[in-house]
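Trainee: Sequence:
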Amino acid sequence: MPPSQYHKPETALTKARELIKCDKKSNALEILYEVMRVRRTKQWQKVLEELMMLFVELCVELRKNIHFRKAIYTYKNMSVMENTISLEQVIRYYLNQIKGKTEEAQEVSKSAIMEIEDLDVLETPESLMLNAVSMEGTQDRSARTILMPWLKFLWDSYRLVLDLLRSNSKLEKLYHEVAHDAYNFCLKYGRKTEFKKLCELIRQHTQKVQNQLQPNAPNAINLNNTETQTLHLETRLRQLDCAMELDMYNEAFKTVEDIWSFMMISRIHAMPSLMTNYYSKTAELFRRCGCHLYHAAALHKLYTLYRDQKKNLTREELSDLGSRVLCATVAIPLPNAKLNADKFLSGEYTIMKQKTLAGLLGLIQVPTRQSLIRDLVRHKVHTVVPSNLAKLYQVLEADFQPLKLWELVQPALAHITTCSDLQVYITQLHDVIVAKTLLQLSQVYQSLDFNEFFKLCPFMEPIRLERIVIELIHNLELPIRVNHLQQAIFFDKFTDLGISQCEYGGQLVSQSTHVNDPDKLSRQLTMFAQVMQQITDILEVGQSLANCRRALVQDYRKNEKVLRSELLNRRCLIEARKEEIETYQGKRDQYYSIVEARRQAEQERLLKAEETNLANEAIQRERMKTEDEKARLKLRMARTSLKMFLDLKIDTKLDLKELTEEQLENFDADKLINKQKQEVKKKRKELAEKAKTMAKKLDYYTRACRIEEIPLLQAKIEPEAIESRELFEQSVREIEEHSKAEHARQLKERNRLIRMKSDVQRLVGQLKEARDNRYRAKLAEWEALCDQKRSERLAERRAKHEAELEAEARRRAAQEALEREEQKQRELAAEAERQKREQEAKEAAEREAARIEEESKAWTRGDIKRDEPVSVNPFARHRQSEINSASGNAFRDFRRDDTSRYSDFGRSSGSKRVGFDNTPTLRSDSSKDTWSRSGPRRTVPSEFDSLLYEDDSGNAGGWTQVGSRRETERTRPFGRGGSTMGGGFNRA
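Going by the UniProt record's numbering, the first residue of the sequence shown is number 1, and it counts up by one from there.
Take the hints with a grain of salt, since some may be wrong.
As the list claims (entries may be wrong) - Think about it this way: if two alpha-carbon atoms lie no more than 27 Å apart in a straight line, the pair counts; the simulated DSSO-like pairs of lysine-lysine are:
#1 110 x 192
#2 101 x 152
#3 24 x 64
#4 824 x 836
#5 152 x 208
#6 173 x 192
#7 15 x 25
#8 25 x 8
#9 99 x 25
Stated by the list, open to error - Here are the in silico distance ranges between beta carbons for each label pair:
#10 820 x 844: 34 to 40 Å
#11 704 x 681: 33 to 39 Å
#12 187 x 104: 16 to 22 Å
#13 22 x 170: 37 to 43 Å
#14 835 x 856: 28 to 34 Å
#15 643 x 193: 52 to 58 Å
#16 104 x 276: 38 to 44 Å
#17 615 x 184: 41 to 47 Å
#18 22 x 756: 25 to 31 Å
Keep in mind that the hints were calculated from the coordinates and are not lab data.
This one's a predicted model, so the numbers in the text were calculated from it and none came from an experiment.
Note that CB positions come from ideal geometry on N, CA and C, so glycine has one too.
Given the sequences, and given the hints that come with them, work out the whole structure.
Mentor: Laid out in structure tokens, this is it:
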């Protein structure tokens, strides 16, 4: 059956589901596609959403992207004006389905392992040939076969959806959401080519929005809208993140240019949060690309923005950001190389590209290292950073100590190493320290040995240190020579400053390179003396060693006494020199401690002053902001009043369209309003009087007209009335004649049909009788079937009930057997417990008898005086009497009052009471009626029961008294709940 017959959506949906059950998904897809293609339904319906959901599933499973493209555009035209949420749900469902399939394909490709028939032969001829002609492994080939088709399908879907959503403001949020998903797709699967195409696609969409022919069309995207600007900027910032994570720095710079141009067009730079995000990401991009100068410039902009715009800025946050700014600024090379400013310029040191990079940061001029250092001082960044970093800035940019430079900056470098945000500047700072050390040494020394230079820079390997020196000589155009034969570095005279040295500003170089004429003359004389000494040494090579030795001996004999006295006094001189050195060191340490204390006090004073200045600046900025806001509000109100007067066209002597700002500030609207009110009231009064006069005239005129037209109207009505009466009478006569003719025709017809009445009644009776017979037969058949079914169900129910009764009987029998076994175990345990307690009672009685006998002997011997009170334990005496009684009569009946409490103990499954020879069944949750803390209750009565359950209503504590009143006063319970031996108390 052709699919064109299922144009109705409900029918097509039902038929498609039936075909899916029959595993004919292609036919189902064609049916649904035909419904969406013919466009008979022009309005959105709920059934269309269900149809599109099923259509999406089939398109994804069969990978029919073209079908979905045509259908989704048709569905967009139907639903974009009525139900945009439905369209968004369809698109999200489509993309989620494809992403799910892609992830499944990825898992399958990872788990796809070629089956090996013979484990001794792991490589087959086919695998060897594939490895020979291709560098791909088995995993790569399986990924290309299984995963790549789904990746291409997902990429095509992203492009399709972005093209679909690009030009409608209602779908703008979904557009940017899909763009973020596409970025994540490129990042997850490492698709650099697709990411580049995606960036270009979004750039084209933005250009089309800017160049749209009808910007005021309904649902058109307006780039001046704040929400639209925010969405576009967030999307570009996410694009910048993905470009940096994929190491596509050319695309990242294009994205930065797009962001900046978009902000210039839409004036979105006034949003501090977005600008903060932009400067932080731009700084990270410049750092990764090696543009250290512009990285520091971006951090300067970020620091200024944080300090001026962020509310509730803590000193810790400002200190952390200031530390980054200071380290990035100090770590800039001295200066940049003259040929390769950075990697981004690709060897072209042109002003245009430098200005372009500066423009991306909103800078008017191209930044330099010296300008950024001046900004550090101007913004007082060194006062908010830790003291170690402030000292680093002081040592590198202000002090002159080449021999101690490494020692002075070591604490700062240790602090930088501990901070994760500052560790990226360690390598650059090492290069700057080497450059600073070399430049400062060139002002003091004429030559420097390699080993000494290596000691001054121990943090770097000699090979790398030598290469840095060569690069500095080349880039800074320094007059320095490296002599590998003598293993030394020679510093020549600065006769002509190079370009890089002049740009360096003369902070170190120019201070010592502008030598005067006497210095040049002395330098030339020194060089001349060195050359002459070398010539003299060459001429005196032939002198004999004997003459030298003879001259030395004569000199010693001439000064023998002086030399001997010097040797004898050397110890005293050494001791004196040591004392002088110790005294000097003590004074020096004292001086340094005083200087350090002063420095710390000065630093604390500067910190407090800086905090005060920051607070005052914040208050000043807030006050100025409030004043500006008031001025803008006043000016806005003046402009509003001016616009109102221009709209009302008030006649004033001033030219309101050409007022200056000062005139607008002094604009007095009350006078003009009062004047306008008076003029309006006057005009309204004049118009009312004029209207009253005109109404009076109109009344006279209307009355005269009606008097004149009355006879004319009467003459016109009379002939029309006569004609109307004649027409009415004629129509009445026609109706009467027609009714009479119709009545005669109906009587004739009745007489003709009345003779067939008997035949009709007979036929109807026969039909009714046949129908009743059929009904009775079917009713009897149905009742028989019902009886049969009823009997079958009763039999089944009876059999089931009997089986249940039998199973219940077996279960009860098993339970009773188990209970009997448990009862038997409890009886055995109770009997063992009873025997144990009797044994313990017997032993206690023996011990008590021995003690009493010992006391009797003591009475007899006279160890205990007659008048002393005997310390007898009444409770022990009571126990002894009870134990003696127990030996004579171990069992007796319970008291009648207490037997009722335990009448329900030990019930079996047949609800029979257990005798005294059985152990009662205890409840697991019962704790009040037990005879002891552990073990079952005893059911055998003992001789202590009469005392144990004896009532004492006078006991205020709620305890049952045991024994006589005198003995009870001195007894105490053994434990809660009573004792199994009868000695203790029970709760009432």
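Trainee: If any of the earlier hints don't hold here, list their numbers in rising order.
Mentor: Violated: hint 18 alone.
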